[in-house]
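Participant: Read off the chains here:
2 protein chains.
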Amino acid sequence: MAAELSGGDLSRLRQLNALAVIKVLQGQPSLTLTEVAKRTGLSRASTEDVVRELLQKGWVAEAGATAGGVGRPARRYRFRADAGLVLGVDIGGHKIRAVLADLDGNVRHTARVPVTPEMGRLERLEAVDRAVEESLAGAGLTGDDVWASGVGTTGLVDGSGKVMLSEALPEWTGVDLAAHVRRLAPAPVLVENDSKLAALAECWRGVARYAKDMVFLLAGLRTGAGLVIDGKLHRGFGNASGEIGALPVLGWIRAQEHLGGEAGDVFAAAREGDKAALAAVRRYVKDLALGASALVLTLDPQMVVVGGGFSRSADVLIEPLRRELDRWCIRTPEVRMSALGDEAVVLGAVRLALDDVEERLLDGRTPLVSRP
Amino acid sequence: MAAELSGGDLSRLRQLNALAVIKVLQGQPSLTLTEVAKRTGLSRASTEDVVRELLQKGWVAEAGATAGGVGRPARRYRFRADAGLVLGVDIGGHKIRAVLADLDGNVRHTARVPVTPEMGRLERLEAVDRAVEESLAGAGLTGDDVWASGVGTTGLVDGSGKVMLSEALPEWTGVDLAAHVRRLAPAPVLVENDSKLAALAECWRGVARYAKDMVFLLAGLRTGAGLVIDGKLHRGFGNASGEIGALPVLGWIRAQEHLGGEAGDVFAAAREGDKAALAAVRRYVKDLALGASALVLTLDPQMVVVGGGFSRSADVLIEPLRRELDRWCIRTPEVRMSALGDEAVVLGAVRLALDDVEERLLDGRTPLVSRP
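Taken in order, these protein sequences are the chains called D and B. According to the numbering used here, the first sequence is numbered sequentially starting from -16. According to the numbering used here, the second sequence is numbered sequentially starting from -16.
Hints are computed from structural coordinates only; laboratory data are not their basis. From a predicted model like this one, the values you see are computed outputs, not experimental measurements. Heads up, some of the hints might be wrong.
[Stated by the list, open to error] Derived DSSO-like pairs: lysine-lysine, alpha-carbon spacing no greater than 27 angstroms straight-line:
| # | chain 1 | residue 1 | chain 2 | residue 2 |
| --- | --- | --- | --- | --- |
| 1 | D | Lys258 | D | Lys6 |
| 2 | D | Lys40 | D | Lys21 |
| 3 | D | Lys215 | D | Lys195 |
| 4 | B | Lys215 | D | Lys215 |
| 5 | B | Lys40 | B | Lys145 |
| 6 | B | Lys215 | B | Lys258 |
| 7 | B | Lys40 | B | Lys21 |
| 8 | B | Lys195 | D | Lys145 |
| 9 | B | Lys195 | B | Lys6 |
| 10 | B | Lys269 | D | Lys269 |
| 11 | D | Lys215 | D | Lys145 |
| 12 | D | Lys6 | D | Lys21 |
| 13 | D | Lys215 | D | Lys6 |
| 14 | D | Lys195 | B | Lys215 |
| 15 | B | Lys78 | B | Lys145 |
| 16 | B | Lys6 | B | Lys21 |
| 17 | B | Lys215 | B | Lys195 |
| 18 | B | Lys145 | D | Lys195 |
| 19 | B | Lys6 | B | Lys215 |
| 20 | D | Lys215 | B | Lys195 |
| 21 | B | Lys195 | D | Lys195 |
Using the sequences provided together with the hints, build the complete structure.
Facilitator: This is the structure in structure tokens:
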């Protein structure tokens, strides 16, 4: 039986080969053709072809030669992470954050504009503009240099990048964030709920790197969740997964109330052994764990990652949370605190943008012109 | 850039091509080589090679020629669904069911042995033996003719085919069902929780054929759930997904109690407009919907399918259930009643066995010798 491939298959295979070479080079400072061939499993001839094309396109550069044992030194090649840039934006209640990252996902420039939960739509959108413009100006770039943008926001987001429903922010339901950010950077804009992006970030750069199934818990002034199933962000049929907080009996609606207006003070007092503070934290954790248990019992994930503002108080939160999960769950998954802190959502936005760049590299839909 | 494939890739591609040809032939009474080539996208030469090999292996047979427009009539080929058989077993509280099905999943012979929820381990396993032997004898076969067995049981099942935990059946925790069924038919045995298998069956032959994400609700003397996510059965890290019933606040533990000992009578009285019966059904549905809402809010599936014994009373259940889901869910998915009734679990067991046969066809791990 001979393997026969159609023209479309061949073109797809070429692009898969190109992506395989890029992925191998991304993990290393530089590699020889022989090393690339070995790690990708491609033939020597195919490897040469792919690397030549990537050199032409500016994705790969020569990295100087190193002397081998005998004969002339082998040429080395490196991935050009600076061939393009992506924009990540996190629109929160208290701050807007915008970052520019290279193709390895390393943040090159970051800008932060404070906002308040009470701000209306226009004021918040103006703050988004300021944050994006600051990050571009700081990096000496314009919006045309951006290959893709990822945007995280509170609320439910539809497939076109509009906010379908936001209960946390006033006048936020109905905002077309994709269209708004496209004014600043004309490349494709992907918009997603902030808990979902934080989940993505934890699986990429955080404590869930080796988990195929995980539940991310946003523990902060709001309580939310993002799910990664079988290595992929699980959005749901109407992009409304993880919304267990809608079920009053599971306690997320009232969870933060136990901590009063200044949660940080309560955690600090609990840390000092204050009895009232400890009781308040216990009540908060009970409610957090009830909704979390519903997620865990549904999915039986490998790991639960706790992020959001309160994850800074891991020392007083994590043990009570484990105990409460143990109480309800058939199998209590590993519970980890996020190490990404404030950065999780914006990193997830960067990952979303990079996924889009890789997809376009594969399907050739949008030309990606590398920077010199 | 040339496409280069290693020896392993080629062998895998050959097997993928063979499976593609089988899948195309399975959907039709018979096809010509030209039609097979067109539908698979393979070249004429590859198609000829694949069909020749499948003829030799006994998976495909000639189906006689039909006259075309001009020239000599083209040969036609058909998939030999009777080349092999799989066994499906459903071990329930009230009955054991065993079926033999061909490679198209059509049931060739079925046997049913009544049991009681109170029976101990040995008695129930003896009933399993009787059901399997009856189904084999009825089809004039022995256990050696079985290519793979799928087994459904209540309780949590581990990866090796042992029951980890069963609360519904006495002495059932710890039973090694895979080893037990292998005594009767030495081919590979796959064991899975019954709600999970019913979910699989609904996506294969039931009302969820076009749903990528669905929640199956087992509504009967027990309440349970099975999840299909992104077209695949979601088992969970410890095979304990869908166990929302463990959370008392979600009501599944007490749900059936509202219906008393004879649920069928209550549904019948409700159908006649009896007020007490209607109130009991309403209380049952409220509890069923609470747990179901937790599953729906977690996953945001396209569809909820209600199966199990109570799905026969769809007329009095489905509207109240939709209303309760509407009350709690952000987006209420399509709610459908199972049309598979009693057959869902055993059909899911057949599907599990067929998946194993296809996997072995692909990896060549176990030789599959077709029957003449």
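Participant: Does each hint fit the structure? Answer for all of them.
Facilitator: A quick look at each hint next to the structure:
1. Lys258/D / Lys6/D: violated (53 angstroms)
2. Lys40/D / Lys21/D: Distance ~23 angstroms between Lys40/D and Lys21/D Cα, so the pair holds.
3. Lys215/D / Lys195/D: holds (8 angstroms)
4. Lys215/B / Lys215/D: holds (13 angstroms)
5. Lys40/B / Lys145/B: Cα-Cα ~34 angstroms, so violated.
6. Lys215/B / Lys258/B: Measuring from Cα to Cα gives roughly 42 angstroms; hence the hint is violated.
7. Lys40/B / Lys21/B: Distance ~23 angstroms between Lys40/B and Lys21/B Cα, so the pair holds.
8. Lys195/B / Lys145/D: holds (24 angstroms)
9. Lys195/B / Lys6/B: The hint holds at about 19 angstroms.
10. Lys269/B / Lys269/D: Since the Cα atoms of Lys269/B and Lys269/D sit roughly 24 angstroms apart, the hinted pair holds (cutoff 27 angstroms).
11. Lys215/D / Lys145/D: Cα-Cα ~22 angstroms, so holds.
12. Lys6/D / Lys21/D: holds (13 angstroms)
13. Lys215/D / Lys6/D: It holds: about 18 angstroms lies between the C-alpha atoms, which stays within 27 angstroms.
14. Lys195/D / Lys215/B: holds (14 angstroms)
15. Lys78/B / Lys145/B: holds (20 angstroms)
16. Lys6/B / Lys21/B: holds (13 angstroms)
17. Lys215/B / Lys195/B: Holds: Lys215/B and Lys195/B sit about 8 angstroms apart, inside 27 angstroms.
18. Lys145/B / Lys195/D: holds (24 angstroms)
19. Lys6/B / Lys215/B: holds (18 angstroms)
20. Lys215/D / Lys195/B: holds (14 angstroms)
21. Lys195/B / Lys195/D: The given pair, whose Cα atoms are some 19 angstroms apart, holds under the 27 angstroms limit.
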